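> For chain A, the structure is supplied; the task is to place chain B on it using the hints.
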Amino acid sequence: GENVEQHPSTLSVQEGDSAVIKCTYSDSASNYFPWYKQELGKGPQLIIDIRSNVGEKKDQRIAVTLNKTAKHFSLHITETQPEDSAVYFCAASPNSGGYQKVTFGIGTKLQVIP
Amino acid sequence: GAVVSQHPSWVICKSGTSVKIECRSLDFQATTMFWYRQFPKQSLMLMATSNEGSKATYEQGVEKDKFLINHASLTLSTLTVTSAHPEDSSFYICSARDRGTWNIQYFGAGTRLSVL
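Protein sequences, first through last, are from chains A and B.
Under the numbering used here, the residues of the first sequence are numbered 2 to 115, in order.
Under the numbering used here, the residues of the second sequence are numbered 3 to 118, in order.
Just chain B, same shape as in the assembly:
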């Protein structure tokens, strides 16, 4: 089956620093990748849609300068949380759409970010 690898699984950082999260599709090409944020006991909130070779499309209310997304290849997208603050602490999950299938999203294992 399609595998999406997300790293790191857990990161702790100091307030004001930046953190990069990687999302890789291991056995398929993903023209589109997605970044979600999930608060405890809540559903997934789409932050942005990332298309290979173009700028990401951000959902309303998501600061694009704070959450930098890069999708440089068909198998890699990165999310950088810039100048992180405690309120950015959350569970971040990426997913990738296999261009060989129709709208099926495969999810990474998630990254728990804790900002001190």
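Excised from the complex, chain A in its bound form:
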């Protein structure tokens, strides 16, 4: 099955700096990679996703890059703000005509210091 590794497990940055979270996956059949943000006591919220036919995707201060050859993908947050503080999960899922299991990384706790 798929195995998703995520690092770092914790990350502290000064407000305004950039934050980068990296993930690797093992199943070459995976081609959908969502990122979720989870605030304390809440469910995860999808913040951005990328599919294997795209190398990079950007949405305002958030961007995700994908290297299928190396089987790794990364989340980039620029101009970080205190409200970006949360736990971020990467995930990977293979393509098929029906549902395929989404495998999550272990999570990265991001702390943005004002």
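Possibly wrong hints are sitting among the right ones.
[To be verified] Result set (SDA-like, lysine to any residue): computed pairs, CA atoms no more than 25 Å apart in a straight line:
1) B:Lys43 <-> A:Glu84
2) B:Lys43 <-> A:Gln82
3) A:Lys58 <-> B:Lys43
4) A:Lys102 <-> B:Thr80
5) A:Lys38 <-> B:Trp12
No lab work stands behind these hints: they were computed from the structure.
Note that the coordinates shown come from a computational prediction; the quantities given were computed from them, not determined experimentally.
Leaving out everything else, chain B in the frame of chain A:
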């Protein structure tokens, strides 16, 4: 955007009782819903996949008789923790897959279960 409502958000129960958690997709039809369990400072652990009108598929190690899942409609799935014990205390999260999109899961806010 797609909204998934999960209730209750927090429940305390006595050991031996059963607890039902509801998961509803409010503005889309969800042929597939998922139930996760999350321990403090850990990732999401998939417990089972629920398809509307059929039996749930449980992950290895999850007791199907203890965690009863029902997905009676395209907008509602329920998880019942039967004969709850303190070790069942955890954060339970549901998600729903919008059949109009491809593999995107939208999550509920979670239910914190505390068994005394």
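> With reference to the structure, classify each hint as holding or not holding.
Here is what the structure says about each hint:
1. Between B:Lys43 and A:Glu84 the CA atoms are separated by roughly 19 Å; this keeps the pair inside 25 Å, and the hint holds.
2. Proposed proximity of B:Lys43 and A:Gln82 is supported: the alpha carbons are some 22 Å apart, at most 25 Å.
3. Proximity of A:Lys58 to B:Lys43 is assessed by CA-CA distance (about 28 Å); at most 25 Å being required, the pair is judged violated.
4. With a C-alpha separation of about 20 Å, the suggested pairing of A:Lys102 with B:Thr80 holds against the 25 Å cut-off.
5. The hinted pair formed by A:Lys38 and B:Trp12 meets the criterion: a straight-line CA distance of about 21 Å does not exceed 25 Å.
Violated hint: 3 only; the structure is consistent with all others.
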